[in-house]
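So the sequences go chain by chain: A and Z. The first sequence: position 46 = 46 (the numbering used here), numbered continuously. The second sequence: position 256 = 1256 (the numbering used here), numbered continuously.
Keep in mind the hints are simulated off the structure, nothing from the lab. Check each hint, because a few of them may be wrong.
Stated by the list, open to error - No more than 25 Å apart at the CA atoms, straight line, and that leaves these computed lysine to any residue pairs for SDA-like:
1. A/K253 with Z/F1231
2. A/K254 with A/F167
3. Z/K1044 with A/V106
4. Z/K1044 with A/A98
5. A/K253 with Z/L1111
6. A/K253 with Z/F1266
7. Z/K1044 with Z/F1231
8. A/K253 with Z/G1268
9. A/K253 with Z/T1105
10. Z/K1044 with A/D95
11. A/K253 with Z/L1108
12. Z/K1044 with A/G110
13. A/K253 with A/A46
14. Z/K1044 with A/L105
15. Z/K1044 with A/G94
16. A/K253 with A/V147
17. A/K254 with A/V183
18. Z/K1044 with A/I108
19. Z/K1044 with A/G104
Listed here are the chains, written in short residue letters.
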Amino acid sequence: MARSARASTAAAYTWVGTANFTDLLGDEEMAGALGNTLLYAALVLAGVPLSIVIAALLNVPGLRGLSVYRTLYFLPVVTMPAAVGLTWRYLFNGDFGAINHLLGLVGIDGPYWVGDPDVAIYAIAIVGIWSSIGYNAVLFLAGLQSVPRHFYEAAAIDGAGRLRQFFRITLPLLTPTTFFVVVITMINALQVFDLVYLMIDTTSPALSGSRTIVYLFYEKGFVQNQRGLAAAIAVLLLGLILVLTAIQFRLQKKWVHYE
Amino acid sequence: MNRPRTWPAYVALAAGALVMIAPFVWQIVVALQTLPDSLRVPPKFTPSWQWSNFAEVFRTVPLARQFLNTVVVIAAVTAGLLLLCSLAAFAFARLRFPGRGGIFTLFLAVLMVPGELFLIPRYEIMVDLGWLDTLQALIAPGVFGAFGTFLLRQFFLTLPRELDEAAQLEGANPLQIYWHIMLPLVRPGLLALGLLTVMWSWSSLLWPLVVNTDPEMMTLSAGLASLRGQFQTNFPILFAGAAVASLPVIVLFAVMQRHLIAGIAFTGSKG
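Excised from the complex, chain A in its bound form (with noise of 0.2 Å):
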């Protein structure tokens, strides 16, 4: 059954004005979250690179079982970030987790990955990386395969080595799928949820280095009871997006080759 009884919701607001916006221009949690949550798309976005690489990789003429690896590395793309954020927060626990472990063997004193506020949102963007590495290399391979070959076989008789090839011919080619994977990562990173809700504990002192804008939306508006003020911060980041996607576009006429 419902559990609400309240008669209607216009009874439940009252209009305050401006007074959401103004509480969050002050509030220190809001800087906090916008600060966050910009560092994790540019930590996001630096990891775009690596698509490009694996995109390349499998690109490679005459590589055999690209749909073996295009499933291996789109595995967590497909699976619920639920259970990516669960398993991610055991791997990168302080004391028993793999990754220390690991980082151990080679004589590196690992930190408190998911409980330290200055490492979290580090943590919170290398599995946020992992788990689109594959959606952005499916659209870098489309878009390597649209290149004509015979671009590179022209190159390779005027003597560019593999590597020259790359970076004359493919990547700027590649320009107009790098724009587009760099717009749609920037937003989803902009929204980021999950991977925070789930790798963060909701008492840790680390979300205060990793409390991101929607996390911030959903503490005050579900947790407690903010409404207003998180509708307020849902228009701040809708502005947010809309000024960064604009500037994207604005800079897009230096570095985008469109045929």
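Got chain A; can you put chain Z on it based on the hints?
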């Protein structure tokens, strides 16, 4: 043309693939360990064949019920989305009506808007309808989307004009043209959108988490998230649940990967 050597590519790809699947293998191993084994330092990398973890997780949370909820919700969402989005996409691509350009621009604008912006109004609508803790609360908001309409419109646009004209001459009305002629021709698009929808609804967490708080009405994703609150650091039990929740979509993907990949590649080329 002499082929470049491929072995460095194999080595690099295999190393990467190891990083991709190691967490899954590790998850299964720990799901079969006892609690003390799972907390050992250094970690124990072999299972202790503690199959009762699976029984335990099914006993403490209504996992079977949540599984059923998830399947029902996904089936309803996917069927509804394919029907409604293809109807809208057909109208945008093949019919002429006043305001078409303007309405379509609005659709494109909605693509830019983060889902969180709709979350609170939708939540309040669910409250007013008395739909909290029901399956329809999970289904209704998902049965239509700007992205699906946009994607299918691109498919409808590729079909030749002569098809409509010929059908019109035969006396077919728009609905008949849509159903009998156009829809079968955009099957690759429907399949791609369907698979993407299944994948996304399977993963979706925030909305199910806020509208349904009764464990009996949760999806697997939300159920798994709430399991964390119950079992804290009892990772064998958590991972038994995680494995149950991960497997079906992995199997589905393994079977359908060709179509899903084609769909994703298509969004990249036309998006």
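Okay, the hints, checked on the actual structure:
Of the supplied pair hints, the one linking A/K253 and Z/F1231 is violated, its CA atoms being roughly 51 Å apart against a limit of 25 Å. For the hint pairing A/K254 with A/F167, the CA-to-CA distance comes to about 17 Å; that is within 25 Å, so the pair holds. Only pairs whose Cα atoms come within 25 Å are accepted, and Z/K1044 paired with A/V106 is accepted, the gap being roughly 18 Å. Between Z/K1044 and A/A98, the direct Cα distance comes to roughly 9 Å. Compliance with the 25 Å bound is thereby established for this hinted pair.
Distance hint between A/K253 and Z/L1111 is fulfilled; the C-alpha atoms sit about 23 Å from each other, no more than 25 Å. Between the alpha carbons of A/K253 and Z/F1266 the distance comes to roughly 23 Å, so the proposed pair stays at or under 25 Å and holds. Proximity of Z/K1044 to Z/F1231 is assessed by CA-CA distance (about 20 Å); at most 25 Å being required, the pair is judged to hold. Using a Cα cut-off of 25 Å, the hinted pair A/K253 and Z/G1268 holds, with the two alpha carbons roughly 19 Å apart.
As the CA atoms of A/K253 and Z/T1105 are separated by approximately 23 Å, the hinted pair is consistent with the 25 Å bound. With a CA separation close to 13 Å, the supplied pair Z/K1044 and A/D95 stays within the 25 Å bound. Distance restraint check for A/K253 and Z/L1108: the Cα-Cα separation of roughly 22 Å lies within the 25 Å cut-off, and the hinted pair is therefore satisfied. For a cut-off of 25 Å, the pair hint linking Z/K1044 to A/G110 stands: about 18 Å separates their Cα positions.
Of the pairs offered as hints, the one joining A/K253 and A/A46 holds, with about 20 Å between alpha carbons and a cut-off of 25 Å not exceeded. Taken as a hint, the Z/K1044 and A/L105 pair is honoured in the structure, with Cα atoms around 15 Å apart against an allowance of 25 Å. Note on Z/K1044 and A/G94: the hinted pairing holds, with a Cα-Cα distance of about 15 Å set against a maximum of 25 Å. Note on A/K253 and A/V147: the hinted pairing holds, with a Cα-Cα distance of about 21 Å set against a maximum of 25 Å.
Distance restraint check for A/K254 and A/V183: the Cα-Cα separation of roughly 15 Å lies within the 25 Å cut-off, and the hinted pair is therefore satisfied. Distance hint between Z/K1044 and A/I108 is fulfilled; the C-alpha atoms sit about 20 Å from each other, no more than 25 Å. Proposed proximity of Z/K1044 and A/G104 is supported: the alpha carbons are some 15 Å apart, at most 25 Å.
Hint compliance for this structure: hint 1 is the single one not met.
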